[in-house]
Structures are given as structure tokens and as C-alpha cells.
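Trainee: Chains as they are written, first to last, in UniProt numbering: chain A, 1 to 458; chain B, 1 to 556.
Rather than coming from a laboratory, the hints here were simulated on the basis of the structure.
Be aware that one or more of the hints could be misleading.
Unchecked claim - Derived lysine-lysine pairs resembling DSS-like cross-links, with alpha carbons at most 30 Å apart: (1) K57(A) - K92(A); (2) K119(B) - K392(A); (3) K392(A) - K81(B); (4) K92(A) - K116(A); (5) K57(A) - K435(B); (6) K9(A) - K233(B); (7) K352(A) - K255(A).
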Amino acid sequence: MATVTLTKKACSVNPLKMSQPIGGTLAFMGLRGAMPLLHGSQGCTSFGLVLFTRHFKEAIPMQTTAMSEVATVLGGYENVEQAVLNIYNRTKPEIIGICSTGVTETKGDDVEGYIKLIKEKHEIVRNLPLVYVSTPDFKDAFQDGWEKTVTRMVEVLVETPKSSERKDPQRVNVLPGCHLTPGDLEELRTIIEDFGLKPTFLPDLSGSLDGHIPDDFTPTTIGGVGIEEIATMGQAGWTIAIGAQMRAAAEALQKKTDIPYRLFERLCGLEANDELMAFLMEISGRPAPMKYRRQRGQLVDAMLDGHFHIGGRRLAIGAEPDLLYDVGSFLTEMGAQIVAAVTTTQSPILEKLPTENVLIGDLEDLETFARERNCDLLVTHSHGRQAAERLKIPFFRLGIPMFDRLGGGHQLTVGYRGGRDLVFDVSNLIMADHDENHQPTPETWRDGMDSIHGAASH
Amino acid sequence: MSSVKATIQDVFNEPGCGKNANKSEAERKKGCTKQLQPGGAAGGCAFDGAKIALQPLTDVAHLVHGPIACEGNSWDNRGAKSSGSNIWRTGFTTDINETDVVFGGEKRLYKSIKEIIEKYDPPAIFVYQTCVPAMIGDDIDAVCKAAREKFGKPVIPINSPGFVGPKNLGNKLAGEALLAHVIGTEEPDYTTPYDINIIGEYNLSGELWQVKPLLDELGIRILSCISGDGKYKEVAYSHRAKAAMMVCSKAMINVARKMEERYSIPFFEGSFYGIEDTSDSLREIASLLIQRGAPAELMDRTEALIQREESKAWAAIAKYKPRFQGKKVLLITGGVKSWSVVAALQEAGLELVGTSVKKSTKEDKERIKELMGQDAHMIDDMTPREMYKMLRDARADIMLSGGRSQFIALKASMPWLDINQERHHAYMGYVGMVKLVEEIDKALYNPIWAQVRRAAPWENPANNWQERAMAAAAADAAALAADPVKAEQVRRAKKICNCKSVELGVIEDAIAAHALTTVEGVREHTNASGGCGACAIRIEEILAEKATPPHAIAAE
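Chain A extracted, bound-state conformation (with noise of 0.2 Å):
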């Protein structure tokens, strides 16, 4: 339904968009014993460990090359082979994820080559995965890092079922998008667990980036999913894809292993989740538990207590494609109206948005658009809260970074549950909001007929 355009602006003023290795670094993050390691100068991973420590409040394991300028002139395999080893002695990681970074793909550094070199060279590291994935700044945004992430777990980490292995049926693999939250995975867990299946979630940051407290004191991931568990993921008899940018994994793990794969594009709203529902009680072979009968009857009356408050408001949303499409999509279904979309990179799912047009821009076109066009709710992540002081419109923090509040990890879009929350979320703001900045006074329709618009808006 809506045109995709590209900005024409050489300047990005307030990025909307992040870059694509730290979206790769966090897909690692989802891995047991991992340790990200992005191959670049020290900043590239001191940024993003920055700003995942101040979006999930814990300790982040991130690494880096640390090239200097010389190493990046003459090539990066020295600094590659001491950061391996460094961390092998240091930490002694089950995994190392490596991601390139604009400084090292100008080069045109060859890291599977020297993967294969330090392999060859030092014994100890020999056994120890290495996977590497080309995620170069200067191109694509952080959900792509993601995608192109988990396609190579996949490729290098799943091990294809010899003929003579039983398959077994109640296993399911599920490939989550990087839009889903630890708390989103949390919750999908206990849906599948609930249809007596066995999920193995690739890649794992329910179990990593929860917030938990550690049994123990390790400087890698704790937590997340293992190697061992990964490699055997042929076994399952369905693979689950949740966002549009998972496809590519999902086919990845099709070839590989021969499982059929389901994607869906949405888990956030009612009838996504009755389409999950029926995929589960069907390759389970289950009724639907009743618990999720009551919460699906929770959902419609949040939908209609909520519809009153989120019906007709005119939406300005900020967000990576498969998020915008998620939640924008649900907004729309609650009687919003999405009137100004900016996301941060090109996908086939973005067609399917219910508005006219999206804008692969940033905060600074999604603020001048919500002020042209009348809004009156901001949806994106914590650095739309200056458009949002500025524009003086109720402000939903979605995704990441959400640096100024608690609880990113565990914002709940998926289930019934998380659909249900979100309207209240949603809705409270909006009421807040009107209490606060839209009390009628005698003045308020003073003019008649002139001053309907402007109280229509809000």
C-alpha cells in the first residue's frame, strides 16, 4: 500500500538509524558463552557498548580490533590474531562473533582468510567457533546487521542431519527478529512450551540480556543459546521466522537441513496472534490451552477500552521496517491513523504499511512531517523525546536505544498479552496527556465551527 522513498537530504540531522554491526554484535549477544568482537578501531565497539549499556542496564561483553591507523593501512590480520587469542586466554569463550566496521571493509580486509590462518597457526583456538559476518557502516542499518547475523550462524553453526537421524516433531526452531525484546522472547517461549513443543530460539537474548542475576561472574554472554543445541537444530520439525528480515535465515536453515519454514511478519495485535495460535495447535496437534483463550478475551476488551482513546489519532512513527510494520500495523488496527512513517532501511515488508508513503530517513523528517501534518502521537525510540518536547504531543518509546527509561528489555509486543499491554500503554499516555494539555475551558469553543478542527486533532 505505501511508496518507499529515500531522502534527498545530504545531511542526516538526528539519526533514526544505528549502524549494521552493532546490530550483528547483538545477535552474538543471543549466543551462550559468546563473546562480539567487531573489527575496527576501539570507538566503533565503544559507542555501542555504550548504548546497549544504557538501553538493557547490564554489563556488555563487546570487543574490539583495535586498529589503529597503521594496522588499518597495511591490513588487519595481526590485530585480528592477538584480539582472538586475547580473549581465548582471557575470558575463554565457547564463541567468538566477529563483525567488520566501515574502517576495516575500505581496506577490504580478507577476515575469513585470516580466520583460516589463525586456525592454522595456533592450536588452541583450532576447535573454538569463529564466525564472521561483512557488516560494513557505510551501508544498510542495524536490522540488516541482524539478518545478515543470524543467515551466518546458520550457515556455519547448523550441522546438516545425517539421512539415517530421527527427526523429531516436537522440536521448533524460532529465528526472531532483532525487534522482538528478551521479554517478547520470554513470552513466546512459554506460548510454544505451552502446546507441549520444544523451542530453540536462535539467536537467545531472553536468556542473556533478561536482567537476571547472574549465577555466576562471567566476562562472555550468560545465558543464551549454546552451540551444541544450535548445531543440532536440524532435528526440529518446523522452523518459526518472526519479520520479514528472518527470511533469509529461515531459507538458509531450509537448505541446509530440509525444515519447513513459517514466517510470520507479525506477532504484535489480535489477528496475528490468532494466526500463531492456529499454526501451534496445528503442528502440535493441541487445542489452545485455556489460559490463552482467557487472554485472548482480554485483548478484545483492552481493544475496545482502548479503542476510544487510540481511535483517530493521528500517528507519526519512527522505527526499524520490521517494528514499524509490526506495531504500526496494530496502531492502525486500533483506529490510529498513520500519517507520517520513517524507518532506516530498504525492505519488502515496508509495501505493506497502511499509509501512503514511507521515508528511509530521520527524526529530524519525522518531526517536520508530524508538525506539517497535524500528529498528535509520537511513536520511535528515546531520541524522539526532543521532537517530542518540541512538537508537545503524547511521546511511546519503541525499540532501541530506549536509554531514558527502565524496562526496554522487557517491553512485550507479541501474544495476546503484549497486544493487551500496549493498548494500555498506549492508551494511559494519551489520557495523561489529555489531562494534562487538553482540558476544555470557556474559551475552547468560543469560535464555533473554527475551533472544531483544532479540538478534533486532539
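Please arrange chain B on chain A, whose structure you already have, making use of the hints.
Mentor: Then chain B, alone, in the frame of chain A:
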């Protein structure tokens, strides 16, 4: 890039830096930058450092020329505060793409500058160079010059791409850019005998405003603060100040020293953290201004103000004494800044059980060695488990540290207070110190600690993860004790000099082989302390140990 190299060499030659002055010619050339260790480094790059130093200038548009990572991942994340413009919080970046990498990004940069001027019309634009455009040869100096001529506005190139070094080098390169392009380019409307510059203060959490009222009361004018709550033109006419205070961190020592050289503005190194340090700094300011011609009565007024404020602050802190009776603080920081808060904490009745060894008394040092076994400089090198053990062994009631160790403390259900730059509270001047004590009280007496330390119903308190962590640490230690060869290996493998990556064993061997007695000698043979110089104190200790024959210890 050759001009960046020249600037870096110039920065390395900084005679105002005490550490630098102690080095030989050849070592100085190598620079003070810590050699970054792949897979073991932490902290920002030179671009990060440059931006940290300059971004608090509130009315400047800060444009980052590079791929999205450099600005997109990090914008609007500083806690500096502005009393006026907010344009410094706007994220501007050229967000270069693949085409720019192939064909060059200069055109995009020029157009970006034009767009910013058309839309935001700031008094000045700072253009930050990053790694990728530096590699492909984008000449930001030329673009800035062209834009300056075309638009008649200051467009300042900040040449500090990330890969030239760490954050502290970036701070200095930022200072060089101000010296080269900004300072001395405008004139103030008027001057007074009471005009000062404050250099290297960023107004984080608005802390400068905890001190400014005192200066206002004394009639002292901050002509320019570089860069907290600063404005472009204030920096441009800062060369008319009578005196300057350089805030401790040394981040911009080159600015202070070169302004003294070029404009005869005397400066001192001071701090507004801690009660005594604040008083000393006020006295220093008054004294420098009087030397430069301000009336001598300024000192009388300053002393009166100090007396009044100190007695108010001590009285406010004294109230906490009964509450802090017997409470222990573990202070972990490599920074000098926090040292000046020690007196206030002790005055409030807190017992200090650990801190950095810099500037500490011999007695303190012994206790710290016992508790921590190493310089706080090496905290970065500690594993989380080691840090946890330190917390437990110290039997501290609260930990004060920088942000990086916060999760260790919080996961260990230990009250924790941020005293580094990410902190949310302002702790400067007299009011700031009282505020710090108040925050410690809040953290210590929060009832959640009793709650979160409760064992879960399914947990065996003798076998929880905390105990297991301690047991594992004890097992490691026992294994070492049982294996003297391994223990000796581990002891010798302890890294003494982080910058040049020199281990204790190497230093000991050099001392033995060449009969060395001085830090200089050790440096010559091992390169240890050839970097930042912070480990010189540790090398002195090693030398002292080696110099003392065993029987002398027994005799002591």
C-alpha cells in the same frame, strides 16, 4: 593526514605535562598514547574524545563526517547541561554511503554544511573527521575553508579520526583545533580585571552551576568555559581573560599552556570536587587575578566567603556522623578527582577501605595493597569475579566507582554510587559535596538491600552463586599455593606497565641483570613506564623491594 600527524607530534611534546617532561627525547616522540591491545581494550577513540571535549559548546552545530556508526550510535548521550541553545544536542552527520566511499565524501560534506546553515543558522559549525573519510582522503580542511569563504561563517575542522589513538588524545586534538581556528578570533564587548577561563570543565549534570554563584558573588566573571555551557564567541574571545583554571583531568592542558604562552594568561591546575579543593581553587583564582592587577581586597572577600561556605558545609555533613558510624566505603577509581572527596567522606564519619594508590599516604597504601593487591589503574584488567571478591573481602557497606563496575556491585546486591562522568547528580563545590554525602546516606539506608539479599525459597544459602564465586576464587588461590612453580609464574606474569605491556618478571630480570636502581634505568631496559607513566610508582616499589636485603626487613 600529514597535518594531523604533525599536530599529534606537537601534542606529544606538551611541556606542560609533568609526565612528559620526565621522558627522554626519543620516548616523547613515541607519544603518551597507550598502546591499544586488540581483544583487551576498552574505551573510546580519538574522535570520541574530541567530541566529548567540544560538544558541550551549546550553540555550535557539531557535524560528524563519517558512516552512521560514529554519530547514529552515540548522539545526544552526554550529560552536559546548557543554559541557552540546544543545538549542540542535535545529531548532524553526513552518514556516508558506499558511493561516497568510492567517489569521495567531500561534496556531501559541503552540501551538509550548506543545509545546516540554511535550516539552523548556528553561529559556527564544527566538522569532525572520522576514520573512513580520512582513509579515502577527504580533505575536510579544504571543505571547511571553502564553506567558510562561501557562507561567511566559522566552519571549523576537527581532525581527530578514531584510529589515531584513544580518547585522551582526542581531547587534546580538539584543543588544538580551538587554538588553531577559534581562540583569539573575536573580541569581547568589554573586559574586567575579574575575567577568568575555566578549561576542561564540561558542566555535566549542571555541576558548574554549583560553583558559579560563588564566583558571581565575588564579582569574578567566567569569560569562557571550555567547554561546559560555553558559546562559540566566548571561546573566540577567551584570549582576553586575566587568568585561567585548568580542571584537573589534564584533558586540555595544551590549551591552558599555549594560552599562557601566546596571550600571557597564567593558569593553575585545580578542582572543585571536595571542600578543601574548592577553597584552594577559589584562593588560586583570586591570587592569580590579583597578580594580574585586580584589587588585593578580592582575597579578603574570597577568604570570608570560603569561611562561610566551609562552615556551612561541614555543619551539614556533621549531621550524618551518627548515621555513618562504622560504615565502610570502598572507593574504586583511577581518577585524581575522587581523591579530593576523601576528606569529606572521612569527615562524615565513613571509613575508607580502598582506593587508588595515587597521592595516598604510605599507611593508606599498605592497606590498599592488602585489600586490592594492585593499583586501581588495573581495575579494567580485573575479572568480575576478582572484583566481587574484593568487595567481599573489604567488608564494605557501599561502593563508589565509575560506571563500568556498577553491575558487579548491583548484582552483588551492594549499594553503589556513580562518581564518574555518567553520574546523574552534580557533586561540585560545597553544595555538591553535601549532596554526595546525602546520596551515600540514601543508598546505604535504602531498605531494598535487606530485601534483595534474601535467599530464594528454593535456594540453599550455603551454596548460592555468591558463595560459589568465593569458593572458586579460594580454590584458584589454593591451587596456586600448592604449586609454587605456577604461583611464581603467575606472580611474574602480573602486568606492571599496561601501556607498554611489561610484566613484573621482565622488570625483575632487568633489575637483576643490570643492577638497576632507578625508574629511568628500568624504562631504558624494558620500556616499562614509557607510556602514560602511571606505573612509575609501582616500579619504585619493586626497586625498593629489590634494594632491601632480606635481613633488613627482619630488622625493621
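Trainee: Could you run down the list of hints and mark each one as holding or not?
Mentor: Against the structure, the hints come out as follows:
1. Pair hint K57(A) plus K92(A) holds up; C-alpha atoms about 24 Å apart against a cutoff of 30 Å.
2. Using a Cα cut-off of 30 Å, the hinted pair K119(B) and K392(A) holds, with the two alpha carbons roughly 21 Å apart.
3. Between K392(A) and K81(B) the CA atoms are separated by roughly 21 Å; this keeps the pair inside 30 Å, and the hint holds.
4. Restraint check for K92(A) and K116(A): the C-alpha separation of about 20 Å stays at or below 30 Å, so the hint holds.
5. Taken as a hint, the K57(A) and K435(B) pair is honoured in the structure, with Cα atoms around 24 Å apart against an allowance of 30 Å.
6. Proximity of K9(A) to K233(B) is assessed by CA-CA distance (about 29 Å); at most 30 Å being required, the pair is judged to hold.
7. For a cut-off of 30 Å, the pair hint linking K352(A) to K255(A) stands: about 27 Å separates their Cα positions.
Violated hints: none; the structure is consistent with every hint.
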